Structures are given as structure tokens and as C-alpha cells.
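Peer 1: Residue-level listing of the chains:
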Amino acid sequence: MSKKNLLAIASMALGLTLSSSAFAQTQITWWHAMGGALGDTVNEIATEFNASQSEFEITPVFKGTYEEALTAGIAAFRAGEQPNILQVFDAGAATVIGAKGATVPVQDLLSQNGIDFNIEDYIPGVRYFYADANGKMIGMPFNSSTPIMYYNVEALEKAGVTPPKTWEEFESVTAPALKAAGFIPLVQSHLPWEFTENFFSRHNLPFATNDNGYGDGETKILVNTPEIKAQFASLKKWKDEGLFEWYGAGWNDNQKPFEEGKVGLWLGSSGSFGGLQKTATMPFSATFLPYWEAVTKEPTQTFIGGAALFAMSGKSAEENKATAEFFRYMSSPEVQLKWHKQTGYVPITNAAYEMAKAEGYYKEQPAAEVGIQQLSLPAGENTKGYRMGFYVQIRDVMNREYGRILTGETSVDEAFATIEKEANELLERFNKTQG
Amino acid sequence: MKRAGFNLLWLPIVLLAPQLVIIGVFFYWPALYAIRSSFYLEDPFGFGSTFVGAGNYIDLFSSAQYLKVAVFTVGFTGLVTFLSLSIALVLAVKADKIIRGTRVYRTLLMWVYAVAPPVAGFIGVMIFYQGNGPMTELLALFGYEFRLGVNYYDTAAAMVAVATWNHIPVNFIFFLSGLQSIPQSVKEAAMIDNRSGAGRFWDITFPLLAPTAFFLLIINITYALFDTFGMIDALVKGEPGNNPMTLVYKVYVDGFRGNDLGGSSAQSVILMVLVLVLTVFQFRVMDRRIHYT
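Just so you know, the sequences run in chain order A and B. Each residue of the first sequence is one higher than the one before, starting from 1 at the first, in my numbering. Each residue of the second sequence is one higher than the one before, starting from 1 at the first, in my numbering.
For reference, chain B alone in the conformation it holds in the complex (with noise of 0.2 Å):
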């Protein structure tokens, strides 16, 4: 077989060189200088620096508070995800069996996502407000006293509650197309053969909709770590207090509030690692265990 390729070698670096540039300058630069400033004990307004080698590292992993930190955004990351996926699952499996008024059903459950995160966060501090907040009254209807903003769980609680809401319809929207993309001869087929509902559910469709499935499990993840930052910004208002926080809010209150640029390039490089970990996973049970129809 004849490989196509140019004959000249400046050519492509040619043709590539707008979109390496950018890549460059706006992705690689960028964290390359985070990189760099990890390492260093800087004054905010660029005066003064000491090299402190791994020393910033050294110091967030000795932390307590940032250990801390990091178990409450595993936990809430593990949470979200499982939460938003599941109820959005049972809702486009129920949606996909409405015969009529399907448009309105599904339209109600999809604009949930045109909600911005931060305006979700403040509408979670209407729902949980302290004194009179219609969740926080039907709470105190339960005998329990809801406090957001004090005690360090109600706040969790109310973080997952707003993350999960605000994810689910875009879960939703792939379920639902995941579903409806299952051949009908396969439907047919199974039914003949299995007549329990969630028998042929579990054996048939779950497997289908695994590479969807699969791709949002990525999706939620990356969601719930990285794009809450402004709901837990609202959530909080502004004051971390003794407010449960995520890795990324962490590098927000570190680097932008308190300028502590090498301890909070250091929490970026963490992060960093954490993406490309993602990554690697995510390309790799791709291409081995999701089998694409």
C-alpha cells in the first residue's frame, strides 16, 4: 500500500502553523508558566520570587486542609456523576415509552440545561436559604434544621442537590438518543425472548447504551470537577468559611483571592495530571472494552 504524504516538508508545518500557534500560545504557553511558577514563591506584583523546588508541593500534600479538600471532591465528584446519570437514565428510559406529549415532556426536562451553572448555584441559595427557603422549611416540616452556609454536610448536601439538577438534562439528551438509536429488531428479538421488562433492560439495552453511557460517565466527571466552580462561588457567597470547597474552587480561593501564585500553580499542575489521567483512561477502555454498534 502507498502511503499519501507531501514531498515537501515545509508544506504542512505551513499549513499546520495557525493552529499551532494558537495551541500554543493560548494551551501550551499558559501551562508551561504554571508549570514553571510552581516551583517558585512568588510576590504577586512580580518584585520578588524564591526557587522553592518541590517545596509548594511538598506543602499542599502535608496539608491537612488540602487532603481534606481533595476527599470532599472525590466524594462529591463520585456522587454528582452517579446521581445525575442514574435519575436522568430512569427518566429517558420512561420518556422513551411516553406515546403522547413526548415533545412537552422532554422539551420541560431539557431546558434545565440552559440554567448557568453560577445562576443554578443562586437559585440553590433561594431553594436552601437559612430562614425561609421552600427546601429549607420542608425540612424543618422533617424536624431538621437545614443550615446552609453553617453546618459543613447541609452545604454539601445543597451542592450536590444544585450539580445534579443542573446535569441531569444533559444525561437526558444522550440517554435519549442512545435509546432511541437501539435497532427495533433488537427490541423485537429480545422481547421473544425474555418477557420480564427489566430482565431485557439490563441484558439488552444497558450493554447498548454502554459507549454513551461510558462517554458521559467522562462528561459528569469532568463536570462535576471542573465547571461547579461557579455554582460553589455562588453557593458560598464568595467566604469559604467552613464551607466544604472542590480541588478547582481551592486554586480559585488560593490563586485569585489570597495571590498565592506558586501554591496555587502548584494545585493547577495537580489538576493538570488529573486531566491527562482522564484522559489516558478514557481512550483506553474505549478502544478495549466499549464496543461501538
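If we strip away everything but chain A, and leave its shape as in the complex, we get (with noise of 0.2 Å):
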């Protein structure tokens, strides 16, 4: 067969897929890594977005765990297969925006597609997490969470005690009482979420130079300070006198015994909320994450974790615009709404808070506010989140020395050198990938 014949029939291919696509729906696809209930819920908001019009048409595919998820949008980029809209977690923000040129930024895309963005309509905490040093919003937020306090009614009654608003609080009045009353006072899910990051927005102290990491140029970690050391000296020695348990670095190990009744407050996600209801073996509620008085007298906000829904580049201008008009129907307040009632996590806009507020949401289930509440205390210059790259190592680093901490096989003062130095030469590699 000759060169032409071969061109013809490949132009007459073309233009058959042309045309088809013409009268046919736009197609594109959604990588995530949302699982079980939550997932069942992503695919409800797709086939419903699907039905609402004709001329798009979204797959949503589950990818596994947010690292596989993660690597598995980086490895189909580099194939070329990449979907058009990808899932990425709150510790891969960093090389997902440093890689610039791999996604579309948010804001970009829908006001090319004539899409009204104001960043003022999302709710503070929200607002620049996903964003650029600029404050141009990259990703949208999607699945948004904060770190709170969940109580166990019963066990709270028991002690005499109300959930504590301070951690000086909860040392010298409620742990002594749960455990007098034979509950372990105090566990926690995820020590580098909780009592890092938002340690240091809660507390309003910069967590990273270079402005908490979203400047440009480069960044050191700012881990090895006093106030943070005191924390896990604390948590340290509350665990030695039975004030606070730990099971491993594993979110559910630790989340279980909570269900289980046998623990007085838990931390966990805003976004548990949805799950608790149905396993939660008896009546519970929430509240703002305690913080140190010994710190601050005026605790601030703390910043969203989870993940933001990311527009990757290189698609069609239809398939684009299909990507924003799935954006504008994601974020409007009858979907957040649902997501919000559904999965416990915090709705991303003003409109959709406001909207759950009006219907008595709250009235009925006042633990489902408390993670929007604490998103829209005063904010600092510290508290839209830290941008740093390889954080999912430097997050290992620290999961790994804050374990040799609570089982005494290391002191708080070397394992905080060990991650400010580890996470400085991680931060240092990061940089140069970028060159």
C-alpha cells in the first residue's frame, strides 16, 4: 500500500471520528480515590450530572488509595492517557502545582469558559490552600476536611466533664476524669495532620519558610521549635500515664476504639462525620480542636485537608469545557449540599453553608457544623496551609519519628532534629527536580 492510500484512509478515519463527535456527547473521565460509601456518593454526583444535560458526559474511575491514585495521573501524563480531571490529596499539592504546565489552573479554565469565579464565594479556609503564591486558585477543592474533636457523650457524662477548649484544660481537669471513670481519655488519627500541620495554623505559627513553602524559591521546614516540642513532650508523657493511647500510624486502628465506646475524645476528620453515624456504637458529637493557652490566647483557624479536583492539560477545547461545566455543577449549593449531608465533609462555599443553615441542617445535626466553624475562625498570616514538595515522604518522616517517640525508643529532641533534617534535605531534592 502506498504512503497516500495509507494518508487517505487516516484522513477519512479522522474525519468520520470528527463527525461523529459532533452529533455525540463530549466524554470525559475522572480519576479518584474515593472508596466505599464515599464513592458510591462520587458516582451518584456524576450520573446525576450526566442526566441533568445532553451535551457532556463524565466516568468517574476509582483509582485506589490517594498515593495510588496520585502516582497512577503522573504515570498515564507521561503516557499521554491522562484523564481530564484528577484527584490529588492535600500532601501532593505541591508536585502537582510545581509541575506547571501539567494542569489548568481552576480559574483559568472557567473563566475561559465563561464561568463566574470569585474567590470570596468559597468558604476562608478553603480559599487558598489549592492556590498558586499569587492566590490564583489551581485546583478546586473537592472533598474538604479539618481536623476536629469528636466526644463521647456518654463517657464525657460519666467524668462530670464538658470536651475541653485547651489542652491545659484537658491535662489537669478532663483526662484525670475519663480515666478515673475508665475511659482511655484521648486518642488521635493521623499525628502529622493533626498535631503538626494544623498545630501550627491553629496556633497561627509558620510552619516553613519562605511563606509556610508557597513563595518561590526555596524552603526550609520550620518543625524543630519549642512550642511543637512541648506538644509531643506532653503527648509523650500523657501516654505514659495513661492520658493517651496510640495504635500505629494507621487511621482506622486508632479511629476503632472510639466506635467502640471505650474512648473519651477522638480527632479525627470533619469529614468522618458521615461514616461515625453508622458506626459509632453510642451517642457522640464535636468540637473546635483544643489548642495551648501556654501559646496562643487567640487560637485561629485551621486549613482543609483531603482533596482538590485538578483540570490536567492537554485535552480538547470541548473537553475543557466540559471539565468546567462539571466544576460549576460540582460547587453548586444543591451538590455541595448533598456531598455536605452525605459524607460529613465541609461544603465549599458561602452558598451551599448558608443554604444547609436555612434548611435547620444543623439544628438536627450540630457535630456537622462544628469543621465549617472552625474553617472560618479568625484567620492568621499562618493559616492557608503550607505548599511543600515531597511532603508525602517528609509526612512518612514524621510519622515514622513521632512513633519512635511514643514507644520511647528516641527522645522528642532528636526525632524533631532528625525531621527538621531529613525534611530540609527532601525539600532540597524537590527543588532540583523542579530545575
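Worth double-checking, as some hints may not be accurate.
What the hints assert, rightly or not - One side only, chain B facing chain A, incomplete, derived with CB under 7 Å:
hint, residue
1, E42
2, D43
3, T50
4, I219
5, T222
6, K237
7, F256
8, R257
9, G258
10, N259
Derived by calculation from the structure, the hints in this document are not laboratory data. Just so it is clear, the structure is predicted and the values come from calculations on it, not from any experiment. Even for Gly, the Cβ is constructed at its ideal location relative to N, Cα and C.
Both chains are sitting in their own frames, so use the hints and assemble them into the complex.
Peer 2: Rendered as C-alpha cells:
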């Protein structure tokens, strides 16, 4: 067959696909990491979006854990087979945002497709975590959560205490009473997120140089500092005194004793609310993450964890329009309210929050409002989040050293010196990957 | 003596081509790519990269954590290999002597082999579960609080136990067939010379099993080094934390979880060298020391 013939056939084939796609819907794909009940809700949202119009069709694909979804997205991108939308979690934000050209900033995507975007429409704690140094939103916050403190209502009644506002109150009043009443006073599920990242935000302390890493140039972590070291010295002391228990780095291993009613206080995610309603064997409620009065008298907001949706680059204008339309649909108050109620993740816009309030949802479920209230507390210069490369590994280093502190294999001083050293080495290495 | 050969140069090349292409595409190209990327620090999406020379290797060898993982890997491999070989040998020797119900007994010993490593890991998680795992409760009776995922050495012990358990059947099958291939006449001759069963075992049976044992030694070392990945991932539940891990698991943690392509490529290259050394060792020893009957 001659080259000419081949070319003719190829162009015919191309013509066919083009003409058929003119009639068909624009297909887009969405890779996510939402398993179980969350995955069902994701599929529901996608189905409803497809039913709401006839121009676009979205297909959600479950890709495993957050880490696996990001890695799958990266591998696909390098092969030119990336999905239109990729869900990336908080710790992977620096990787995906650092790779300039991998994504289309959500703010640009929306405005290019004629959809209004105003960052002020989003609730305060959500606005800047997935933004660049200039405050331009790059990723669309999706499942947004923040660490809050859940409490076992019966346990606190039995012990005759109220949920502590400060860690000093916990140490002197709440914990001894809970222990005397036969409960494990405190467990938590994620030491880097709940006792490190959000510790700095709650107390408005810098977590890293270079505007917590958001600025251009080199970033150094500021973790080897007296306030957080004092906190971990207390945690170790509480563990030795039976006021705190730790079941390893796994999230669920620590959540389980709370669900079983053995624990007074559990630090979890505001997004745990939906699941807890099904699994908890006792009445529970929630309140703000405590703070150290010795560090600050004016505690500030926390920032969001969870994940955001990124529009991958290298897609046709039609497909990008479909992605933009899906983002518009997904961030609409109705969808956000449904997502909020079914999963416990916070609604990302003020409009959705107002709608939930107007509906009287929080009168029935006061605990569902805690996360969003905490995200709306006064902000400070260090409360918008952090942006550090290789952060997944930095978290692994933290988890390792925190585990060693709690099992008595290392001292607080040594552990934080190690974290600082290894984290800074990782940051330096990450910097070179961008070169 | 006349050497048989091809007269034409292109014919052998054509005949070998499919095989060469497959090896090239699936083995050499990725290996070369890994070697290349071990000299770079690269943005995972492929937008930027910096040539760092031996930087990734220097970082690894100067990292206390990497050395700790290497030490654990050596200890873990040694223990798993020793335990699974010796337990399997005892079982095989005993099973060889059974007269009634041989089949049932042997089948029961073998079927654990059908358990895939990740599944073995999950079974390990259940058995050693912190709250109410049967093994945890058993140890609690002796006053020991076993804490999987919390205590480094407890987790390590669980890993060794699960890996050993999972690999005994393969060793058992090979040892048993090795034992059965020892000629009856040799055994009878030995019986006349030496009345002690243990003496006969060490003087006659064990040397005759040596080729099998050596082959299994290599198989077990590679199993403990490489195939335990799924088991470890299940036992630590995907969160490395302060748990022990092997070199292969660290490649996954840094490369796939952490997206550090350069660093994990360097680690892979180190493992490739390790496999090369093992292979050379295997062939050299096989040629010189082991005599096949």
C-alpha cells in the first residue's frame, strides 16, 4: 500500500471520528480515590450531572488510595493518556502544582469557559490551600475536611466533664476524670495532620520559611521549634500516664476504639462524620480542636485537608469546557449540600453553607457544623496551609519519628532534629526536580 | 571435532530476533532507563529535571535510615531463609517416614503455598491484630503485650513469622522429592555402617540433599528479598510509620508513594547489582561445590 493511500484512509478515519463526535456527547473522565460509601456518592453526583444535560458525559474511575491515584495520574500523563480530572490530596498538592503545565488552573479554566469565578464565594479556610503564590486557585477543592475533636457523650457525662477548650484543661481536668471513669481519655488518627500541620495553623505559627512554602525559591521547614516539641513531650507524658493511647500510624486502628465506646475524645476529620454515624456504638458529638493557652490566647482557624480536583492539561477545548461545566455543577449549592450531608465533608462555598443553615440541618446535627465553623475562625498569616514538595515522604518521616517518640525509642529533641534534617534534605531534592 | 554452525550470519539473528526483542523491550530498556534516571532528580510529571551525577547514591549511602532498612533486610532475609528451610527440612524428613495417610499429611503441608503473599499478610494482620488477634491473646497469657504496627520488633517478628509460614511448603515439596530420589541401596548400605539415625542423616542424607538445599537457599533469599512486598504492605496497612521495611518496600514507598523517581531508581539499581551478585555466586558455587548425582 502506498503512503498516499494510507494517508487517505487516515484522514477518512479522522473525518469520521470528527463528524461522529459532532453529534455525540463530549466524554470526559475523572480519576478519584473515593472508596466505599464515598465512592457511591461520587458515582451518584456523576450520574446526576450526566442526567442534568445532554452535551457532556463524565465517567468517574476509582483508582485506589490517594497516593495510588496521584501515581496513576502521573504515569498516565507521561504516556499522554491522562484523565480530564484528577483528584489529588493535600500532601500531593506541591507535586501537581509544582509541575507547571500539568494542569490548567481552575480559575483560568472557568473564566475561559464563561463561568463566573470569585474566590470570595468560597468559605475562608478553603480558599488558598490549593492556590499559587499570588492567590490564584489552581485546584478545585472537592472533599474538604479539617481535623476536629469528637467526643463520646456518655463518657463525658460519666466523668462529669465538658469537652476541653484547651490542652491545659484537658491535662488538668478532662483527662484525669475520664481515666478515673474507666475510659481512654484521648486518641487521634493522624499525627502529622492533626498535631503538626494544623497545630501551626491553630496557633498561627509559621510551619516553613518562604511564606509556608507558597513563595518562589527555597523553603525550609520550621518544625524543630519549642512550641511543637513541648506538645509532643506532653503527648509522650500523657501516654505514659494513661491519658492518651496510640495504635500506630493507621487511621482506622485509632478510630476503632472510639467507635467501640472505649474512648472519651478522638481527633478525627470533619469528614469522618458521615461514617461515624453508621459505625459509632454510642452517642457522640464534636467540637473545635483544642489549643495551648501557653502558646496563644487567640487561637486561629485550621485549614483544609482532603483533596482537590485538578483539570489536566493537554485536552481539547471541548473537553475542557465539559470539565468546567462539571466543576460548575459540582460546586453548585445543591450538590455541595448533598455532598456535605452524605459524607460529612464541609461544603466549599458560602452559598451551600447558608443553604444548610436555612434548612435547619445543623439544628438536627450540630456536630456537622463544627468543621466549617473552625475553618471560618479568624485567619492569621500562617493559616492558609503549606506548600512543600516531597511532602508525602516528609509525612512518612514524621510518622516514623513520632512513632519512635511514643514507643520510647527516641527522645523528642532527637526526633525533631531528625525530622528537620530529613525534611530539609527532601525539600532541597524536590527543588532540583523542578530545575 | 567439527563445530556445527550456521553458514549465514543473518539466519541465527532472525531466529533469535523475537526473543531478543522481548528481552530488550521488557528487560534491558527499563533497566537502562532506571540507570539513567538514577542520575537525575526529575519532576514526576516530566517537566523539569536536574542532572545530579552520583548524588542520589551518595544521599542513600549517607542516610542513616537507608542503612537501617538495609540492615533489617539482611536480618529479615537471613531469618526467613533459615527458619523456612530448617522447618521444611524437619517436616520433609518426618513426612518421608510416614507410612499411613501420607497423601493427606503431605497435601495439608503443601496447600499453604496456594496463599498469595498479600493474602498471607492479611491473615497475619488478623492473627496478630492488636486488640483480639488469637496470637496476640496467646502471648498476653504469657504476660507479653504484642503490638503490631506500634512496636518495631513486634511488627518485625510478625513479618518473619508470616513470610516463613508462607514459604515452608515450597521448601517442603523440594526437600521431600529430594529425599525420595536418594537411592534405596545407598540408604541400606548406610544402615549397615551406622546405626544412629542422626548420624546417617548428617553423613549420607544431608550431603545428598545439598544440591536441593543450595537451590532452595537461593530461591528463599530471592523470595525474602523481593516477593514479600505484598505481605509487608498488608501488615503495615500501607502506612510505613515506624514499622520495619525491606529495601524493595522502600523503593515502592519512595518511588510510588513519594514520587521521587531519581531516588527510587538509584535504589532499584542497587537491588539490580545485588541480584547480579547473587546470580554470579549461585553459578560459581554450583559449578564448584555442589555435585549432582
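Peer 1: Does each hint fit the structure? Answer for all of them.
Peer 2: Structure-based check of all given hints:
1. Proximity of E42/B to chain A holds as hinted, the smallest CB-CB distance being about 6 Å (cut-off 7 Å).
2. With 7 Å as the threshold, the beta carbon of D43/B comes within range of chain A, its nearest partner Cβ sitting at about 5 Å, so the hint holds.
3. Against a cut-off of 7 Å between C-beta atoms, the interface hint on T50/B holds, since the closest Cβ of chain A lies about 4 Å away.
4. For I219/B, the shortest C-beta to C-beta distance to chain A is roughly 30 Å, which exceeds 7 Å, and the interface hint is violated.
5. The restraint placing T222/B at the interface with chain A is violated, with a minimum CB-CB distance near 26 Å, outside the 7 Å limit.
6. Taking 7 Å as the C-beta contact cut-off toward chain A, the hint placing K237/B at the interface holds, the least distance being around 5 Å.
7. Because the closest C-beta pair between F256/B and chain A is about 5 Å apart, less than 7 Å, the hint holds.
8. Annotation: R257/B was flagged as interfacial toward chain A, and the flag holds, the nearest CB pair being 5 Å apart, inside 7 Å.
9. Annotation: interface hint on G258/B holds; nearest CB of chain A at approximately 4 Å, less than 7 Å.
10. Among the interface hints, the one on N259/B holds; its C-beta lies about 6 Å from the nearest C-beta in chain A, closer than the 7 Å criterion.
In summary, the numbered hints that this structure violates are 4, 5.
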